[in-house]
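One-letter residues, chain by chain:
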Amino acid sequence: MKVAHGRIVRRIMPATVAVAIVAACCVSFAQVAVRDSRRAARLPAAVTTTPDSPAMDVAPVDAGRRSAVRDQARAIDRLVANGLEKAGMTPSPPLDDAHFVRRIHLDLAGRIPTHAETAAFLGDTAVDKRDALIERLLASPDYVSHFYNHWADVLRLADRPQRNLVLEPYLAWVKDSIRTNVPYDDWVREMLTADGRSWENPAAGYQLRDDGMPLPYVDNTVRVFLGTQIGCAQCHNHPFDDWTQHQFYELAAFTAGTKTRVGTRRTPVPGKEPRTLPPPAARQLVKEARETKGRKAGAIAQFIQANVTAVSYRDIALRLPRDYQYDDAKPLDEVSPKLLWGEVPSEAGRTDGREQFAEWVVARDNRQFARTVANRMWKALMGVGIVEPIDDFRPENPPSDAALLEGLTDLVLDLDFDLREFVRVVVSTSAYQRQAVVHDPSAEPFRFPGPALRRMTAEQIWDSIVGLIAHNPWSVQRPTVDEVADVAGFDIDTATIDDVERQFDAFVQRFGPNRRERDLAVTCGYQGIWLMKASEMPSPLPLGHFLRQFGQSDRETIDGARSVPTIPQILAMLNGPVTHAVLDEGTVIHETIVAQDPEDVVDAVFLTILSRRPTADERDVAREEVLATADPATGCGNVIWALLNTREFLFVE
Amino acid sequence: MSHSPFHADDSIARRAFLGRAARAAFGITLLDGVAGQVARGATTDADGVNIIYLMMKGAMSHIDTFDPKPGREEQGETNAIGTAVSGVQFGEHVPKLAGMADRLAVIRSMTTETGAHEQGTYLMRTSYPQLNSIRHPAFGAWAVHALGKRAGDLPGYVLVGNGNEHPGCGFFDPALTPVPIADPQRGLENIRRPSYLTQANFDRRLALADRLDRDFRTRHAGRQIESYDRMYADAVQLMGSSDLAAFDLSREDAASRGRYGQSRFGQGCLLARRLVESGVRCVEVEMGGWDMHRDLWDDLPKRAGELDAAMAALLDDLQARGLLASTLVVLATEFGRSPKVNENAGRDHHPGVFSCVLAGAGVKPGVVHGASDKAGRLPDRDGVGVGDFNATIAAAAGIPWEREFIAPNGRPFRIGNEGKPIADVLA
Chain A
1394 MKVAHGRIVR RIMPATVAVA IVAACCVSFA QVAVRDSRRA ARLPAAVTTT
1444 PDSPAMDVAP VDAGRRSAVR DQARAIDRLV ANGLEKAGMT PSPPLDDAHF
1494 VRRIHLDLAG RIPTHAETAA FLGDTAVDKR DALIERLLAS PDYVSHFYNH
1544 WADVLRLADR PQRNLVLEPY LAWVKDSIRT NVPYDDWVRE MLTADGRSWE
1594 NPAAGYQLRD DGMPLPYVDN TVRVFLGTQI GCAQCHNHPF DDWTQHQFYE
1644 LAAFTAGTKT RVGTRRTPVP GKEPRTLPPP AARQLVKEAR ETKGRKAGAI
1694 AQFIQANVTA VSYRDIALRL PRDYQYDDAK PLDEVSPKLL WGEVPSEAGR
1744 TDGREQFAEW VVARDNRQFA RTVANRMWKA LMGVGIVEPI DDFRPENPPS
1794 DAALLEGLTD LVLDLDFDLR EFVRVVVSTS AYQRQAVVHD PSAEPFRFPG
1844 PALRRMTAEQ IWDSIVGLIA HNPWSVQRPT VDEVADVAGF DIDTATIDDV
1894 ERQFDAFVQR FGPNRRERDL AVTCGYQGIW LMKASEMPSP LPLGHFLRQF
1944 GQSDRETIDG ARSVPTIPQI LAMLNGPVTH AVLDEGTVIH ETIVAQDPED
1994 VVDAVFLTIL SRRPTADERD VAREEVLATA DPATGCGNVI WALLNTREFL
2044 FVE
Chain B
1495 MSHSPFHADD SIARRAFLGR AARAAFGITL LDGVAGQVAR GATTDADGVN
1545 IIYLMMKGAM SHIDTFDPKP GREEQGETNA IGTAVSGVQF GEHVPKLAGM
1595 ADRLAVIRSM TTETGAHEQG TYLMRTSYPQ LNSIRHPAFG AWAVHALGKR
1645 AGDLPGYVLV GNGNEHPGCG FFDPALTPVP IADPQRGLEN IRRPSYLTQA
1695 NFDRRLALAD RLDRDFRTRH AGRQIESYDR MYADAVQLMG SSDLAAFDLS
1745 REDAASRGRY GQSRFGQGCL LARRLVESGV RCVEVEMGGW DMHRDLWDDL
1795 PKRAGELDAA MAALLDDLQA RGLLASTLVV LATEFGRSPK VNENAGRDHH
1845 PGVFSCVLAG AGVKPGVVHG ASDKAGRLPD RDGVGVGDFN ATIAAAAGIP
1895 WEREFIAPNG RPFRIGNEGK PIADVLA
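Those protein sequences? They're chains A and B, same order as listed.
For the first sequence, the numbering used here assigns the number 1394 to the initial residue and increments by one for each residue that follows.
For the second sequence, the numbering used here assigns the number 1495 to the initial residue and increments by one for each residue that follows.
It is worth saying that the hints were derived from the structure and are not from the lab.
One or more hints might be untrue.
To be verified - Each computed DSS-like pair below joins lysine-lysine, with the alpha-carbon atoms no more than 25 Å apart: (1) A:LYS1652 / A:LYS1731; (2) A:LYS1479 / A:LYS1772; (3) B:LYS1858 / B:LYS1590; (4) B:LYS1796 / B:LYS1590; (5) A:LYS1723 / B:LYS1834; (6) B:LYS1796 / B:LYS1834; (7) A:LYS1652 / A:LYS1680; (8) B:LYS1858 / B:LYS1914; (9) B:LYS1868 / B:LYS1834; (10) B:LYS1868 / A:LYS1723; (11) A:LYS1652 / B:LYS1834; (12) B:LYS1796 / A:LYS1689.
To be verified - Label-pair distances were calculated between CB atoms; the ranges are: (13) B:SER1627 / A:PRO1673: 52 to 58 Å; (14) B:ASP1792 / A:SER1485: 54 to 60 Å; (15) B:ASP1793 / A:ALA1795: 46 to 52 Å; (16) B:SER1580 / A:LEU1670: 55 to 61 Å; (17) A:THR1887 / B:ASP1792: 26 to 32 Å; (18) B:ASP1709 / A:PRO1834: 22 to 28 Å; (19) B:ASP1709 / A:PRO1444: 37 to 43 Å; (20) A:THR1573 / B:ARG1686: 46 to 52 Å; (21) A:GLY1481 / B:PRO1623: 28 to 34 Å; (22) A:ASP1708 / B:PRO1623: 51 to 57 Å; (23) A:THR1916 / B:GLN1756: 27 to 33 Å; (24) B:LYS1868 / A:THR1916: 55 to 61 Å.
Just so it is clear, the structure is predicted and the values come from calculations on it, not from any experiment.
A virtual CB, placed ideally from N, CA and C, is assigned to each residue, including glycine.
With these hints in hand, go ahead and build the complete structure from the sequences.
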């Protein structure tokens, strides 16, 4: 067993209790004597050193807008109050500082606060300390990480959704757009209109994500950005839906000219493989690869294919399907572009179909665009949308509070689509800063007496636990656009097959199969887990990963994350390497507690894990636990483990 | 370590306290297994039918598998081959299943209106369209609810695959949630305590967690929190089970593992057989990758080959072990793929008509029910809706398909919605 920590042993102990507790903290919390040898490993150096500079520069928040934010928050509060009054409901009580500091970190930074952050906030006597904390968190790298996770779920962000699609640059661009706080309408417009290969123009990744699926692309786009489901109309008129198959095709006609492959379209020949024919230079390179590159030929051919995967647009006509069965048109008729509602903004009148579609989607006059994102962000912070599901707006599914929804829509427009400011206003409302309420989705509409009680997202759980272990969870970040561009691209018209092979080798060296996983294991691997932010990990993660167990999306389904309990989740918490790594020597929580005054140890454990002090009862129970165990380190570890295995830890109160 | 309240020198008062705490937390207690059994609802003996449900996610092309259209341009590059049933052909990439067609009931006239994956799989698993206000139970939850959990500690319902979009227990008891297995080769991960942690100390930690969580759980009582409480209880009970070897594929010899194929799906089917043998009522095994919008013939031979090897080995094994008569095997998918080959050499979504397959308990073997039209676009006769299909599964498994359940919103639900069983495929 390791000898006791000198500095603390030399202290004069105030009481027996304190002696036992201090002893507990001087060795690791697991039962050292009976630990198996596997667990004797040390934390990797990259995660134990705290870097000098932040992980990234984040656009600053305008502190000068504080009083304007308060006014805007009050306006939202009046709307919530009206809704509650009409429903004859009373708001839930205000949130105390301890619960506030936990929730605001989870909602803005995607993790629980550290012991130091909690202690500093609780000890701060400034009247505007909540505003200051909100502003600090909104300009932190953790904010970027958290909202990246949000959009990764919405946009199905996957590194390689198909063999020929290298989308890491697109994922890096999404993260960077959050870092620089690009206005939402500009961001979406860029995604819907970008041309080129992903590493030349990473916004093109949005259109490439649905490579080869032009109709589902339209369905997905309308669902994500306009909160409207027209997918069923792709195949038929639905008796209960508003949208006909003809309307679906009319809308799809705007983007029918979008191509995701370089080359000439070839009309299908019966019985033959019809496809977009790659340009002659690419075909020649593939041929030479097959002739001269032996076992590497297949992979090189794929690499060439990735280089002719690029977005371009040229107006072409869309035709109705061969089995079109309604009277309003005939099968194979050409369809003229027509919007679902509203008009193409006049300034976009002379541009091409794809741009007209994009300008219509993001236009200020198209309130549904602002409304959809207002509802989405409101749900992210309050737990429930005003319209649910958030992508199913239609007359038969009205908002629970139309005035509130329109007020939030106005706010998005007033803020010129600055989503971070929108978040700032919402978390500044009294409605947000109230105690959480249990919401039953099968009961009557939720009126927001407070935020709905919800389980942390998988990423929040992960980043919170990693924060108890790693002093630096930012030791690695996802690849940047430039890193990929350096090795992914070549000029298809001038490169020889040997040039291509050299570039291919460089690419495989950096981004080949499982390459990144191996690098991560070296840099921040510990007990079979990577001690890093969820946002920076490969995507999608394998099904058995802790994050997937807790419901992280497979990145195939829009808003695919879930928060329902399963047996493997519980087993991971009870027996898995993640919770047990928390108990090892040198972790953040271990060092936090070693540094405490003896009488503060139990409180420090509670503050670190639950962001609050224990009640008198809980303090007694926890101290007794430490005292009653022969090896006090085990007792202390037991308390930590127990708190991690509470519902209180998993839920955002 | 001997310093456990359950074993050594602690006071009787403390022992009583911890016992109460454990009981409050875990429903079934750590001390008293029998009471736990009662709390978990009806448990029947090993009687009744088991279900193994193979879900082809992404929409399996009917024309390239169980409903070929030889000589038509819609057929693309897949050749048709003869089967064990004279006059019936399958696609060339499922040769083993073709050889045992006399043991299958193939439905070629499945039809639905939903051409979106998420809604389609939800409909297939529940018979109901996806709504916001209610979550319907998946067929496996119905099965366990209706037939009861079989004896032993193993869960009633296991899903080899991704639990995220699965409807799970729906409005039924959370205990009917399928246990998801991410990787059949790894079985049920983290089922054992870390080696440094003694049983006594583990129990002690659980009791402590319960005590320290009491205020929170009281403050936020409701289904959300109770579901988690329940799942903790089930996980702890499962850790103590003597049947865990069922999850361990390394106990199978290499030859039998090989017959199922080394794919995740193949090993998942082997796991399904082991679980059913050991007392699990219903196992669903997912196989992804069927959404072949482009370059279909690059991917199809491999996928279909995995399906062919695994399902054929499963049926052979069940038969050899005398389990086929009591085990219903279902092959399902959310919809079909377009007869028309698109410009990217793929097929798009096609809800108009598609194929599903049944075999084993309660199923009439060697039957082809219904037919699609010449081009494989729509049912030509005997169209089968999703509700009919699920009612048929229920009837074959001995689940009362007419029985209504009242959901929390007060509305009646049936396992096949308005659907009726297809007499033609029932034994």
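Status of each hint after checking the structure:
| no. | hint | result |
| --- | --- | --- |
| 1 | A:LYS1652 / A:LYS1731 | 20 Å, holds |
| 2 | A:LYS1479 / A:LYS1772 | 21 Å, holds |
| 3 | B:LYS1858 / B:LYS1590 | 19 Å, holds |
| 4 | B:LYS1796 / B:LYS1590 | 14 Å, holds |
| 5 | A:LYS1723 / B:LYS1834 | 17 Å, holds |
| 6 | B:LYS1796 / B:LYS1834 | 21 Å, holds |
| 7 | A:LYS1652 / A:LYS1680 | 24 Å, holds |
| 8 | B:LYS1858 / B:LYS1914 | 17 Å, holds |
| 9 | B:LYS1868 / B:LYS1834 | 12 Å, holds |
| 10 | B:LYS1868 / A:LYS1723 | 21 Å, holds |
| 11 | A:LYS1652 / B:LYS1834 | 20 Å, holds |
| 12 | B:LYS1796 / A:LYS1689 | 21 Å, holds |
| 13 | B:SER1627 / A:PRO1673: 52 to 58 Å | 57 Å, holds |
| 14 | B:ASP1792 / A:SER1485: 54 to 60 Å | 56 Å, holds |
| 15 | B:ASP1793 / A:ALA1795: 46 to 52 Å | 47 Å, holds |
| 16 | B:SER1580 / A:LEU1670: 55 to 61 Å | 43 Å, violated |
| 17 | A:THR1887 / B:ASP1792: 26 to 32 Å | 29 Å, holds |
| 18 | B:ASP1709 / A:PRO1834: 22 to 28 Å | 25 Å, holds |
| 19 | B:ASP1709 / A:PRO1444: 37 to 43 Å | 38 Å, holds |
| 20 | A:THR1573 / B:ARG1686: 46 to 52 Å | 47 Å, holds |
| 21 | A:GLY1481 / B:PRO1623: 28 to 34 Å | 33 Å, holds |
| 22 | A:ASP1708 / B:PRO1623: 51 to 57 Å | 37 Å, violated |
| 23 | A:THR1916 / B:GLN1756: 27 to 33 Å | 31 Å, holds |
| 24 | B:LYS1868 / A:THR1916: 55 to 61 Å | 59 Å, holds |
The earlier numbered hints that this structure contradicts are 16 and 22.
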